[in-house]
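**Q** Line order of the protein sequences matches chains A and B. Sequence positions in the first sequence follow my numbering and run 21 to 517. Sequence positions in the second sequence follow my numbering and run 46 to 347.
Do not rely on the hints blindly, as some may be mistaken.
No farther apart than 30 Å at their CA atoms in a straight line, the calculated lysine-lysine pairs in the BS3-like style are these [stated by the list, open to error]: (1) A:Lys-249 to A:Lys-83; (2) B:Lys-212 to B:Lys-135; (3) A:Lys-355 to B:Lys-233; (4) A:Lys-135 to B:Lys-233; (5) A:Lys-355 to B:Lys-210; (6) B:Lys-210 to B:Lys-154; (7) A:Lys-138 to B:Lys-212.
Facing chain A, a subset of chain B residues (Cβ under 8 Å, in silico) [to be verified]: (8) Asn-137; (9) Val-140; (10) Leu-215; (11) Arg-216; (12) Asn-223; (13) Glu-225; (14) Gly-227; (15) Lys-233; (16) Arg-235; (17) Thr-337; (18) Pro-339.
In short, the hints are calculated from the structure, not lab data. Virtual Cβ for every residue (Gly too), placed ideally from N, Cα, C.
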Amino acid sequence: MNIIEFKNITKKFGNLTANDNVTFSIKKNSVHCIVGENGAGKSTLMKILFGVYRQDEGIITIKGKEADFSSPLDAIDCRIGMLHQHFMLIEDFTVLENVILGSEITRNIKLDFDKSEKILNEYIEKYNLDLSLDKKISELSISEQQKVEILKLLYRNSDIIIFDEPTAVLSPIEVIEFFKIIYQFKIEGKTIILITHKLNEVKEISEYVSVLRRGKLVYETDAENLDIKILSKEIVGDVDVKNDSGNYEYEGEPGVLAELKNINLKKNKLNVLNNFDIKLKKGEIYGICGVEGNGQNEVIDILYGLNKNFTGDLNIHTKKISLVPDDRIKKGMIKEFSVGENIIIKKKNLKSVNSKSILKAANDVIIKYDVRLPEVNAPMESLSGGNQQKVIIAREVELDNDLLIFSHPTRGVDIAASSFIHSMILEQKKKGKAILLVSSDLDEILKLSDRFGVINKGCIVAEFEKNQFNLQDETEKTILLESIGKLMIGITGEQKN
Amino acid sequence: MDLISQIISLTFLAQVLRLFTPYFLGANAANFSERSGVVNIAIEGFMIISAMGYALFTIFSGSAVVGFFSAILVGILFSLLFSLFVIKLKINQIVAGVGFNLLMAGLVKFLIIFLFQSSSNTPRFDSLPNIYFLENIPFIGKVLSDYIILFSFALIFISNFVLFKTKFGLRLRSVGENPEAGESLGIKVRLYKLYGVIICGFLASLGGIWLASNQNSFSDGMIAGRGYIAIAAMIIGKWKPVNIFVACIMFAFFEALEISLQISGTFIPSQIVQMLPYLITILVLIGFIGKTKPPAADGIPY
């Protein structure tokens with residue numbers, strides 16, 4: 021039985037057609053993935069379903085009735101819930117306050133905290149969410165914050181749940197936990213719509229898949245007939261996904277560019293780095309993989325000179341360091357500024373800043389790195405995530421520095437842009453730059469690194485050389501991945517006993 | 046020695062409490078507005094216009110009670126006008142606030158000259174009635190019998206309860222912290238901002254009325270920056286009613302001390318003594334400002 025039917029949905033924003041005559045349906049109690057590149061129209065379509073936007077043409081029917089939502093409230097009344105890509109949480113409120121807001125339980129004029137607590141604790145237990153209700157959001161990790169959002173949906177009894185790229189911010193282990201929650205939802209009889217562009221996840225969890233490309237529905241399949249190769253071809257269309265078979269080896273003189281030895285760092289009396297050691301060499305990519313919040317950001321801060329309160333030896337033989345930060349919107353750019361302004365702001369020895377030089381800086385990058393944007397003076401925030409990231413990486417790379425730090429370079433970026441970014445990073449390696457790659461995406465680490473370390477509780481707990489992880493044999497590969505996964509969450513051989 | 050015995054006297058305490066009242070009303074007024082995300086530096090202007098309102102309506106009706114309710118109405122009407130500018134028309138809140146303060150100062154001056162042909166003050170008028178059976182307690186009877194002073198003490202608990210224990214308070218705070226999140230859950234963001242500003246207008250006008258009622262006359266410049274001190278007390282109190290109470294008591298204490306010092310006569314030049322409360326404001330702000338955190342969406346039009 022179809023719980024939701026989209027019929028000929030068209031939505032235009034000015035000249036851009038975000039959804040073009042999209043027709044498909046979603047079966048009750050299924051896990052339905054909607055995949056496509058950034059800007060393919062997935063989010064727009066879901067926002068129409070959730071009442072954020074209104075379609076220009078077409079009809080949506082929900083549970084057999086035509087839906088005519090004028091705001092998300094109507095959708096919530098229809099028991100539809102949406103987990104947004106950017107969380108809608110109030111930092112200074114507790115978990116409890118965030119969840120009950122808007123649907124409070126009261127006794128007389130007072131909020132009934134006890135009763136709401138009881139209800140929420142039941143959900144927390146049932147779905148194994150592991151949250152404490154009286155903590156403030158600002159104290160929670162990203163994955164915990166996501167759980168708060170999930171708790172909000174549960175509290176409102178949503179039975180159709182839309183997830184907008186839920187795993188983009190999660191580490192591999194957190195993804196597994198997240199999938200468990202989804203399975204539980206399915207058992208409960210809920211319908212799940214998942215927007216994603218991670219194909220391995222699609223393969224793992226979906227029962228039905230719909231592919232959007234440039235606003236059009238181009239391909240549909242179910243789990244049985246799912247072929248990742250066909251799927252990825254349908255997502256990208258005729259564009260070539262750049263293959264990384266090229267030679268990116270550095271052939272110059274080797275040398276150590278930076279060395280961190282026995283670095284210890286305390287934050288709020290807690291050890292965030294414990295005898296941390298790494299060596300960064302010319303023409304080599306060193307990967308750090310780990311669950312977020314295990315000291316990765318602190319290492320970057322120390323290398324980049326933002327934090328000097330550490331003990332231990334730090335030897336950096338260069339002052340020319342580039343950084344592509346993890347949070348591109350907060351740390352990587354000034355979102356109200358144009359592309360050109362964002363590039364020129366970091367240039368040294370600039371004689372004058374005027375509209376001409378800004379335009380030139382923008383055009384150089386736009387052409388060289390194939391950045392797509394509405395118009396050259398548009399603010400950075402109007403670009404898609406992938407294009408924003410291209411601009412930031414281009415800026416850092418063009419500075420021609422000796423040491424490059426990439427933190428989660430492809431987070432929330434679609435396939436085509438990801439592979440472009442990967443080749444940008446590899447180009448730099450070939451030029452002899454020392455590169456530090458921090459990522460929670462294990463595939464990315466394995467694909468790009470020459471060496472990598474697994475970080476847990478502020479310490480590199482294991483290091484792997486290329487010949488150790490560049491395996492062809494599938495079973496060996498699985499065993500390796502499993503052991504890395506365990507290292508990431510801190511399960512060592514000894515603790516097993 | 047003389048000064049110390051003066052400070053620990055009940056008269057001094059009564060003086061502190063009297064100075065405390067307008068500060069605390071003003072600071073709570075500002076807090077309700079800021080908790081809903083509207084920076085309202087027009088507290089001063091609200092106090093001026095409602096003090097004037099009390100003066101006019103008491104003089105022309107001959108009844109302090111009529112004057113009281115009319116002045117409250119005046120305060121609320123002006124807060125609605127302020128809301129029109131900052132919530133509906135989304136004018137920059139600081140600019141609107143400065144505009145209001147200047148407008149009110151000018152308006153009352155005009156009214157005094159126009160209505161009473163005096164350059165600086167109105168004729169005398171009645172004070173608000175007191176709780177008569179408490180009035181005769183020695184030293185502090187005048188304070189204990191004052192409805193507005195008693196209300197401002199109750200306000201510590203009322204503010205705290207409304208902001209942190211009720212549905213209304215939760216929603217009000219949510220629009221000051223993250224209006225997008227509030228709206229996604231169906232909260233009418235602008236309506237709650239309007240509530241915040243109206244409560245602000247109400248409390249600020251109580252402060253203005255109290256000052257006018259106690260001086261039995263409205264004079265130009267009588268609010269004397271109390272609206273700004275109130276905002277400083279709110280910031281020092283980190284937007285929390287109990288802390289705001291402490292901050293207001295502190296300001297009131299130093300102002301009472303200043304008065305005592307002036308009366309007792311010291312070798313310190315009087316100008317320096319008069320600076321004392323403001324100097325303390327600046328020092329405390331320097332010491333505390335780094336640690337205070339306003340509501341996240343404070344001052345951002347929505």
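**Q** Determine for every hint whether it applies to the structure shown.
**A** Evaluation of the provided hints:
A threshold of 30 Å between alpha carbons decides the hint, and for Lys-249 of chain A with Lys-83 of chain A the separation of about 34 Å lies outside it, so the pair is violated. The suggested pairing of Lys-212 of chain B with Lys-135 of chain B holds, with an alpha-carbon distance near 26 Å, which does not exceed 30 Å. Proximity of Lys-355 of chain A to Lys-233 of chain B is assessed by CA-CA distance (about 28 Å); at most 30 Å being required, the pair is judged to hold. Between Lys-135 of chain A and Lys-233 of chain B the CA atoms are separated by roughly 25 Å; this keeps the pair inside 30 Å, and the hint holds.
Restraint check for Lys-355 of chain A and Lys-210 of chain B: not satisfied, since their Cα atoms lie roughly 38 Å apart, outside the 30 Å limit. Restraint check for Lys-210 of chain B and Lys-154 of chain B: not satisfied, since their Cα atoms lie roughly 42 Å apart, outside the 30 Å limit. The suggested pairing of Lys-138 of chain A with Lys-212 of chain B holds, with an alpha-carbon distance near 18 Å, which does not exceed 30 Å. For Asn-137 of chain B, the suggested interface contact is broken, since its CB lies about 17 Å from the closest CB of chain A, more than 8 Å.
Annotation: Val-140 of chain B was flagged as interfacial toward chain A, and the flag is violated, the nearest CB pair being 20 Å apart, outside 8 Å. Hint status for Leu-215 of chain B relative to chain A: holds, with the closest Cβ pair at about 6 Å, below 8 Å. Interface restraint check for Arg-216 of chain B: the shortest CB-CB distance to chain A comes to about 7 Å, inside 8 Å, so the restraint holds. The interface hint given for Asn-223 of chain B holds, since its Cβ lies 5 Å from the closest Cβ of chain A, which is under the 8 Å cut-off.
The interface hint given for Glu-225 of chain B is met, as the beta carbon of that residue sits about 6 Å from the closest beta carbon of chain A, less than 8 Å. Because the beta carbon of Gly-227 of chain B sits about 7 Å from the nearest beta carbon in chain A, less than 8 Å, this interface hint is met. Proximity of Lys-233 of chain B to chain A is violated relative to the hint, the smallest CB-CB distance being about 10 Å (cut-off 8 Å). For Arg-235 of chain B, the shortest C-beta to C-beta distance to chain A is roughly 14 Å, which exceeds 8 Å, and the interface hint is violated.
Using the Cβ-Cβ criterion of 8 Å, the hint placing Thr-337 of chain B at the interface with chain A is not satisfied: the shortest such distance is roughly 13 Å. The restraint placing Pro-339 of chain B at the interface with chain A is violated, with a minimum CB-CB distance near 10 Å, outside the 8 Å limit.
Checked against the numbered hints given earlier, the structure breaks hints 1, 5, 6, 8, 9, 15, 16, 17, 18 and satisfies all the rest.
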